[in-house]
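With chain A held as given, fit chain B onto it using these hints.
For the record, the sequence lines run as chains A and B.
Residue 325 in the working numbering sits at position 325 of the first sequence, and the numbers go up by one each step.
Quick note: to get the working numbering, add 1000 to the position in the second sequence (first position is 1).
It is worth saying that the hints were derived from the structure and are not from the lab.
Be careful, since some hints might not be right.
Below 25 Å or equal to it, Euclidean Cα-Cα: the simulated SDA-like pairs (lysine to any residue) are [as the list claims (entries may be wrong)]: (1) K1044/B to E111/A; (2) K1092/B to D628/A; (3) K532/A to K1026/B; (4) K1041/B to M293/A; (5) K1044/B to Q232/A; (6) K532/A to K1037/B; (7) K289/A to V1095/B; (8) K634/A to L1061/B; (9) K124/A to E111/A; (10) K1041/B to K123/A; (11) K494/A to D1053/B; (12) K606/A to N1050/B; (13) K1041/B to G627/A; (14) K289/A to G1100/B; (15) K634/A to G1100/B; (16) K1041/B to E296/A; (17) K1089/B to M293/A; (18) K1044/B to R349/A; (19) K1037/B to S625/A; (20) K1026/B to P1043/B; (21) K1041/B to E111/A; (22) K532/A to L1061/B; (23) K67/A to K123/A; (24) K532/A to P1042/B.
For the chain A half of the interface with chain B, some residues (derived, Cβ under 7 Å), not all of them [unchecked claim]: (25) G488; (26) V491; (27) L581; (28) L630; (29) N635.
In this text the structure is predicted, and so the values were computed from the model without any measurement.
All residues carry an ideal CB built from backbone N, CA and C; glycine is no exception.
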Amino acid sequence: MSDNNEYLEMFFAESEEYIMVLNDNILELENDPENMDVLNAMFRAAHSLKGMAATMRFDHLTELTHKMENMMDQIRNHKMGVNTEIIDLLFAGIDYVEEMVRKIKEDGDDEIDINDYLDKLEKKINEDTKVVEKDKEVISKDDSNFLSITEDDSYTIQDNKKELDSVYTVNVKLLKETQFKQVRASMIFKKASELGYIFKSIPKKENVEDADIDDDLVKLILISNHDPENIQEEFEKITDIENVELKKLELQVSKEKDKKKSKKKKSKSTSSKFEVSSSVRVDIGKLDKLMNMIGELLINKTRLEALNIQSEGFKDVLPQLDRVTMELHHTVMQIRMEPIGVMFNRFPRMIRDLSKSSDKDIDFVMEGKQTELDRSIIDELGDPLTHLLRNAVDHGIEKPEERVKNGKDKKGTVNLRAYQKGSEIIIEVEDDGGGINVERVVEKAKEKEVVTQKEIEEMDRDKKLQLIFEPGLSTNETVSNVSGRGVGMDVVKKTIEGLDGEIYIRSEENKGTKFVISLPLTLAIQDALMVKINGEIFAIPLSAISETLMIKSDEIKQVKGYDVIVLRDNTIPLIDSRESLNIEIEDSSYKEKDEMPVVIVKSGGKEIGLIVEELLYQQEIVIKSLGDYLDNVKNISGATIIGDGEVALILDVRDIA
Amino acid sequence: MANNKNVENNESAVEKKQYLTFKVGKEIYGLRLNQAKEIIKPPKITSVPNTEDYILGVINLRGQVVPVINLKNKLGLTEDTTIDINQDKSKKIVVININGMLIGVYVDGVNEVINISVEDIEGVTENRTGIREEFIKGVSTYGDYLIIVLDLDNLLFENKEEKGA
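Pulled out of the complex, with its shape left as it was, chain A reads as follows (with noise of 0.2 Å):
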């Protein structure tokens, strides 16, 4: 039962990564319908599919993945073409897939019915094949025999790869009454490895000695500054070789960005450039164990470090110590790092799906898929975004017809990007449509109560635009089936701040809107200020803080009845910690001593003076969540544990300044 339990596990994990092949390269062939390789992959991903689900002996699941085999064999063959019913069949067929893997995990059977889809599929091919069968039997069956490379790889050859170099897919068939084939193949190689390098093989390199050779054929996909002729005629030297045949590949790598992004992975050490490093699929929580083990370790060595042993192996000892944990702590937060694209995947036929069904034309660019992120960002990103997206597809792009009257190209575009900057991932949906009126906005907010005529004088456009952050705010009445599902701007908002990160609106009246969202690097480590309040110690994110500095209490100025200190010409607002916590204050204030400690916290280009009891001292500490029970806690965005073992409180300054 237990192993079959783990199959399971794999099932779901790989059929998900088949599921999401499949996906994308439909939306790829409907764009590029004479694209093999593109048919190529989907045909592997939906055979592998079958093969699995076979095994695990889900019947529903492998007929319907043969049924679309045979369709996608079809369009490979040229027995069919590719059209928009066509791939809209494709398209229901994965959902079909989807819903009975999601049905496995629920129910444990894929009993779905799905007859009315297989028998209109069925029809298609009989329809289809008849029509294009007499004309299509010119183009070389053998193209879909060749090795072809994914996108992933050709990043890494790109990174890799010299300026002159091109890259190759090649086919060395053997003479059929060869002896020793292996050796044969094993020339092949040496050969290859003299033009250039060998990116991929099947065989493969290393166990070519004693591998079947499947059809006398040795694939290769070679990098080589040789022209192709040049690398024919080599291999045709070989003896016993009955004919070479060989295309150039195009790298499907995207814009400069990347380019940039992912360079720096490249790794310096390796000697034979293009050995692939072998991988390990790894639960996830086994990483959140490791990382909170080292968390722990990180912590007892504060403890030690507090202890203060006069001894001078004792001195030797800390840094040593101090190394490896942060090296330790490097190397697992790397491993839990994931490119956002493995997320960013699901959208386009999301998009495509969504302006299908509003008739709307949209171009959807993503930038940025390399951008890497915690695995655990990456998971929670996905609700939010796709609302952002829905949004901007239902809401913001206009109608052609709308669009046009508008002066604006009758296409509309939506933008995801991601970016690093600095220690912080930045994400942006950006949409060319109506962009959001502010003024319906407010008469919302105050029509709900969430702010009052006076706070709306006091707000700029920009600090207006925000409230459509707050709970119950959607200014589309119409509530589709596409963006109405209940979920608000204010549920997006939270996961955004759940994960410690911000997120704001940019929107201007006919020209579009921008939703930006910044996200830490690293959610678990980081440096900060320990200070003293009312005789707790507390955690203040050093990101958050501009400075700290002592101030003499006649140095206070008063505006508008709020206390503020004159800062370099700045006028910044002083609050007293304790209120802010709801602390009840009982002995004097802060503010009654001749001269107090402040730190000047910053966040989303605010400013605010927090007056401390104490200022104590900069540590990294271990951030961890107050759990679920304790879930929003205003003012605290979490608790680390201390030298002492004593528990401290992180202030979340977002709300406060």
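Frame of chain A; chain B shown alone:
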């Protein structure tokens, strides 16, 4: 984990369930033993501002931050609800594992583990305890004393339900 399983097995064999009994104020309360993870001596509790009154604060349980609730306060027992940790050595925190979360329950003292069969837990007809009815599963007599069996789900998550919706 293994322990829990044993408990479960015993239960089905004797048709009785094991309860941990503890004292809060003057009364004895019980909770299902398999919901209790461990009993600890109260460490330093860090109070958390901007939370409900019955949240005493958070503690460090081997590296995990665990909230601690003041049962007296939560149950609405009007008597003295302040807690002085140094006052009484018998005070304990019962760490319970519920809905996948660890929550500490601050009690005045832990008594014992007893077996109560389901039939022996009577519904509360006349609520003399002054505790909100939905917090109580029932009462059971055991020897000389009366045990108030708590419904931890309702007790701990009454507000959370609405929030989640």
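Results for each hint:
Distance hint between K1044/B and E111/A is unfulfilled; the C-alpha atoms sit about 55 Å from each other, more than 25 Å. Proposed proximity of K1092/B and D628/A is supported: the alpha carbons are some 23 Å apart, at most 25 Å. Annotation: proposed proximity of K532/A to K1026/B is violated, straight-line Cα distance about 38 Å (limit 25 Å). With a CA separation close to 24 Å, the supplied pair K1041/B and M293/A stays within the 25 Å bound.
With a C-alpha separation of about 76 Å, the suggested pair K1044/B and Q232/A falls outside the 25 Å cut-off, and the hint is violated. The straight-line distance between the Cα atoms of K532/A and K1037/B is roughly 33 Å, outside the 25 Å bound, and the hint therefore fails. A threshold of 25 Å between alpha carbons decides the hint, and for K289/A with V1095/B the separation of about 21 Å falls inside it, so the pair holds. A distance of roughly 23 Å separates the Cα atoms of K634/A and L1061/B; the hinted pair therefore holds under the 25 Å criterion.
Restraint check for K124/A and E111/A: the C-alpha separation of about 24 Å stays at or below 25 Å, so the hint holds. For the hint linking K1041/B to K123/A, the alpha-carbon distance of about 72 Å lies beyond 25 Å, and the restraint is violated. For the suggested pair K494/A and D1053/B, the alpha carbons sit about 24 Å apart, so the restraint of at most 25 Å is met. For the hint linking K606/A to N1050/B, the alpha-carbon distance of about 23 Å falls within 25 Å, and the restraint holds.
Straight-line distance between C-alpha atoms of K1041/B and G627/A comes to about 21 Å, which keeps the hinted pair within the 25 Å bound. A C-alpha spacing of about 16 Å is found between K289/A and G1100/B, which places the hinted pair at or below 25 Å, so the restraint holds. With a C-alpha separation of about 23 Å, the suggested pairing of K634/A with G1100/B holds against the 25 Å cut-off. Only pairs whose Cα atoms come within 25 Å are accepted, and K1041/B paired with E296/A is accepted, the gap being roughly 21 Å.
Distance check on the hinted pair: K1089/B and M293/A sit about 32 Å apart at the alpha-carbon level, beyond 25 Å; violated. With a CA separation close to 53 Å, the supplied pair K1044/B and R349/A exceeds the 25 Å bound. For the suggested pair K1037/B and S625/A, the alpha carbons sit about 20 Å apart, so the restraint of at most 25 Å is met. Only pairs whose Cα atoms come within 25 Å are accepted, and K1026/B paired with P1043/B is accepted, the gap being roughly 24 Å.
At most 25 Å may separate the alpha-carbon atoms for a hinted pair to count; K1041/B and E111/A exceed this at roughly 53 Å. Restraint check: the Cα-Cα separation between K532/A and L1061/B comes to about 23 Å, which is no more than 25 Å; the hinted pair holds. Restraint check: the Cα-Cα separation between K67/A and K123/A comes to about 11 Å, which is no more than 25 Å; the hinted pair holds. Annotation: proposed proximity of K532/A to P1042/B holds, straight-line Cα distance about 23 Å (limit 25 Å).
Checking G488/A against chain B: minimum C-beta separation of about 13 Å lies over 7 Å; hint violated. Against a cut-off of 7 Å between C-beta atoms, the interface hint on V491/A is violated, since the closest Cβ of chain B lies about 12 Å away. Hint status for L581/A relative to chain B: holds, with the closest Cβ pair at about 4 Å, below 7 Å. With a cut of 7 Å, the hint placing L630/A at the interface with chain B holds, because the nearest CB-to-CB distance is about 5 Å.
Below 7 Å, beta-carbon pairs count as interface contacts, and N635/A has one with chain B at about 6 Å; its hint therefore holds.
In terms of the numbered hints stated before, the structure departs from hints 1, 3, 5, 6, 10, 17, 18, 21, 25, 26, listed from lowest to highest.
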